[in-house]
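Participant: For reference, the chains in residue letters:
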Amino acid sequence: MEGNHSHEHHLGFWRKYVFSQDHKVIGIQYGFTSLLFLLFGFTLMMVMRWQLAYPGQPIPLIGQWLGEDRAPQGIMLPEFYNQLGAMHGTIMVFLGIVPLAVGAFGNYVMPLQIGAPDMAFPKLNMMSYWVYFLGGVTMLSSFVMPGGAANSGWTSYPPLSDIATIGQTVWLIGMVFLITSSLLGSVNFIVTIVQLRAKGLTFMRLPFFVWAQFVTSFLLLLAFPPLEAAGVLQLMDRLAGSSFFLPSGLVVTGQPLNVSGGGSPLLWQHLFWFLAHPEVYVLILPAMGIVAEIIANNTRKPLWGYKSMVYAAIFLGFMSFIVWAHHMFMTGMGTIISTFFQTTTMIISIPSIIILTALFISLWGGSIRFTTPMLFALAFLPMFGIGGLTGLPLGLSATDIPLHDTYYVIGHFHYVVAPGTIFALFAGIYHWFPKLTGRKMNEVLGKIHFFGSLVCMNCIFMPMFIVGLAGVSRRLWDGGAQYAHAQPVLHWNAFMSMGAWTLGLFQLPFIFNLFWSIKKGKKAAENPWHATTLDWATPTPPPHGNFTTVPQVYRPPYEYSVPGHKTDFIPQNQPMEA
Amino acid sequence: MEIPYTVKARPDTGLTNAKLGVWLFLASEVMLFGALFSSYILLRINAVEWPHHVLDVPLATVNTAVLISSSITMVMSWASLMMKDFKKYKLYMGTTILLGFVFLIIKFFEYSHHIETGEIPSKSTFFAIYFTMTGLHGLHVIGGMIVNGYFWGPGSKMWKTDPERFTNRIEVAGLYWHFVDLVWIFLFPVLYLL
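Chains A and B, in that order, are what the protein sequence lines are.
Residue numbering for the first sequence is -13 to 564, as defined by my numbering.
Residue numbering for the second sequence is 119 to 312, as defined by my numbering.
The set of hints was computed from the structure by calculation and includes no laboratory data.
Even glycine gets a Cβ: it sits at the ideal position worked out from N, Cα and C.
Do not rely on the hints blindly, as some may be mistaken.
[To be verified] Covered by chain B, per the in silico footprint, the following chain A stretches (three or more residues, Cβ under 8 angstroms):
(1) 111 to 124
(2) 175 to 186
(3) 404 to 415
[Said to hold, decoys possible] Once the Cα atoms are required to be at most 30 angstroms apart in a straight line, the calculated DSS-like pairs of lysine-lysine come out as:
(4) A/Lys506 to A/Lys433
(5) A/Lys509 to A/Lys433
(6) B/Lys275 to A/Lys2
(7) B/Lys208 to B/Lys278
(8) A/Lys505 to A/Lys433
(9) B/Lys126 to A/Lys2
(10) A/Lys109 to B/Lys225
(11) A/Lys508 to A/Lys552
(12) B/Lys202 to B/Lys225
(13) A/Lys552 to A/Lys505
(14) A/Lys2 to A/Lys505
(15) A/Lys508 to A/Lys433
(16) B/Lys205 to B/Lys126
(17) B/Lys126 to B/Lys241
(18) B/Lys202 to B/Lys278
(19) B/Lys126 to B/Lys225
(20) A/Lys293 to A/Lys185
(21) B/Lys225 to B/Lys206
(22) A/Lys185 to B/Lys275
(23) B/Lys241 to A/Lys109
(24) A/Lys506 to B/Lys126
(25) A/Lys185 to B/Lys137
(26) B/Lys275 to A/Lys109
(27) B/Lys225 to B/Lys241
(28) B/Lys137 to A/Lys2
(29) B/Lys275 to B/Lys205
(30) B/Lys208 to B/Lys275
(31) B/Lys126 to A/Lys109
(32) B/Lys137 to B/Lys241
(33) B/Lys202 to B/Lys275
(34) B/Lys278 to B/Lys205
(35) B/Lys208 to A/Lys109
(36) B/Lys275 to B/Lys126
With the sequences and hints as input, model every part of the structure.
Facilitator: Put into structure tokens, the structure is as follows:
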């Protein structure tokens, strides 16, 4: 390995930074792109929140730039609101969080943690990023199509999506790119973890983060293809005039639709949720992995119940394939099927609770360092807890009936994904930043970012439960202003919007911190957090090929505070004393 | 920097990277076609009427034989490499690609006949699923032929520099080709006979 080190210095700019095959550069590319998409998706929401808080009033600042077909005189059209809604969901999930959690963190950290020189297929890895990039560009381009971007929600339910404007076709093509990218990525991740583990790194010595990525990759590998199939079928409906999702006798604006009919809108829902439920665990598992690393490191204790966490993650992966129809209790699939899926849904909550409980107990008796990454990781626990617990009434078919498609659902999954997963991702950025740059991020700015975000997140999402329990539906252009039953809770809309905009302001210290700390942050050595895993056993930043000597692993991943040892941590690659 | 286990299998897993990779890829493909077969079942049990015997069974039978033969020649090409007979490899791999062409040409005749008589995806759900599934399968055949064509032509230079790795590559390409063959083995009865 050492002998070949010299050749990487001869790579030109393009090969080194743009079309790089180095997993770390690709990880950073993924990270940068997905953070931009997260910001963009969040901006769409901040614009929508204006309309929800002050329906029918001109949008300040950017309203005049949106154009006559989106917001004449700055007043948002319902069609444009629908586009923003559909694209917010799509961008956040498929272009923001998953690429950041898997593409960026998985790519950068996982090969380091298993002591590999790179991913098993570096070229595929590069392709995976560029196909993702193409998918992102395709999605963005849909905003300038005639009729605007996709406007049938991120779920794209037919028959509406089948007859929607051309933006929906672009959305489907974008999804095919994204699915291809995730396929290339997940094959690569699994092969890398199975084949390129360092000597001595048995499966039960893998850091929990690697386990989380491993299970996540299987979900991506096996759950995405059915959506690809569904996407192909919907493309056929839209381009070749077939009727996969169009039932017979459909009437659109008073005219019978001229199609053969005989299709089933429910078929799309089955195929879509067969992906989209495992997708929820794709969003949450890497987050749990990051939080586990940070908690072990900052409590200076081994994770409590490492083995049960691993088994829980595997079980979670299996179960996530047989719960999808709990999104469809209202479709009239029948009580027997509903009962089956409500049972599996209750069962799948068990492994999540095991992982969360193990993480909570890991805090017990630790000498906790309240660093910024640790604060985000700690906040993840109760926030994800709220998200998970509020999901139970939705998983039971009887209580789901009044709650279905209300703001309660929005509150529930945003607690899981926003102050849940996104907090974990922030934690990860603060935690691994020193490995990338050799400097720590500023703690004061980090704490402003953390406490501001924590308060704002709850101001946005907690009232959604109240609004939802009052029966206000989601996806309403005016936030429910025209409904009598929504009147008592309508004042919350402005409050939530204020929360969203303030949350936007609290991201500014983070953005500043991210760039400022690259040059001006406090210098950090190779292993600034005194961590045990192999990612901290490389030079900072790790060179092409990662390790200066081939690493060998001698011990479990979290040997913190071992009694009788002179330091409070023992790296995995430190040999056992004779 | 060298990625380990590209040529020799990792001792504890018994696999090379590429072999594990292609099996995972095929698992994902099973899910793709599995979703389409499930869609087929759901559409069919919901249908008021379902056309029978509207496809050309004799042509499809010939095509089945063509694809199965191509799978055999694919194995022969790999076996030839194992026996260090590069000339035979060229012959068998060339035959595999040719048989792929024959399959596509027959498929083309079938397609154009249906299109001429107006049996297109917008006519009925049956023709919609027929064109979607066989079309996607056809794309997989074309993909496999491109890969095989590369290994028959420019990619075969590797035989001189790294014969063991080249043999592995043919094995992996073969696994994919057999999968494409297998999908047809399911498509044939489901669409043409049942």
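Participant: Three residues minimum, CB to CB under 8 angstroms: does the segment 404 to 415 of chain A make the cut for coverage by chain B? Let me know.
Facilitator: That given contact is violated, which follows from only 0 residues of the segment 404 to 415 of chain A lying within Cβ reach (below 8 angstroms) of chain B.
Participant: Holds or violated: are the alpha carbons of B/Lys208 and B/Lys278 at most 30 angstroms from each other?
Facilitator: 14 angstroms, holds
Participant: Next pair to validate is A/Lys508 with A/Lys433; report whether the Cα-Cα distance is within 30 angstroms.
Facilitator: 16 angstroms, holds
Participant: Take a quick look at whether B/Lys202 and B/Lys278 sit within 30 angstroms of each other, Cα to Cα.
Facilitator: Between B/Lys202 and B/Lys278 the Cα gap is close to 11 angstroms, so the pair holds against 30 angstroms.
Participant: Holds or violated: B/Lys225 and B/Lys241, Cα atoms, limit 30 angstroms.
Facilitator: Cα-Cα ~19 angstroms, so holds.
Participant: Starting from B/Lys275, check that the Cα of B/Lys205 is at most 30 angstroms away, please.
Facilitator: Holds - the C-alpha atoms of B/Lys205 and B/Lys275 are around 13 angstroms apart, at most 30 angstroms.
Participant: Please verify whether A/Lys505 and A/Lys433 have alpha carbons no more than 30 angstroms apart.
Facilitator: 20 angstroms, holds
Participant: Sort out whether B/Lys275 lies within 30 angstroms of B/Lys202, counting only the CA atoms.
Facilitator: 14 angstroms, holds
Participant: Can the restraint linking B/Lys205 and B/Lys126 be considered satisfied, given a maximum Cα separation of 30 angstroms?
Facilitator: 25 angstroms, holds
Participant: Would you check the hint for B/Lys275 and B/Lys126, treating anything up to 30 angstroms between C-alpha atoms as holding?
Facilitator: 20 angstroms, holds
Participant: Does the alpha-carbon distance linking B/Lys278 and B/Lys205 stay inside the 30 angstroms limit?
Facilitator: Holds - the C-alpha atoms of B/Lys205 and B/Lys278 are around 13 angstroms apart, at most 30 angstroms.
Participant: Mind checking the alpha carbons of A/Lys506 and A/Lys433 for me, to see if they're no more than 30 angstroms apart?
Facilitator: 18 angstroms, holds
Hint compliance for this structure: hints 1, 3, 10, 12, 13, 17, 19, 22, 23, 24 and 32 are not met, and every other hint is.
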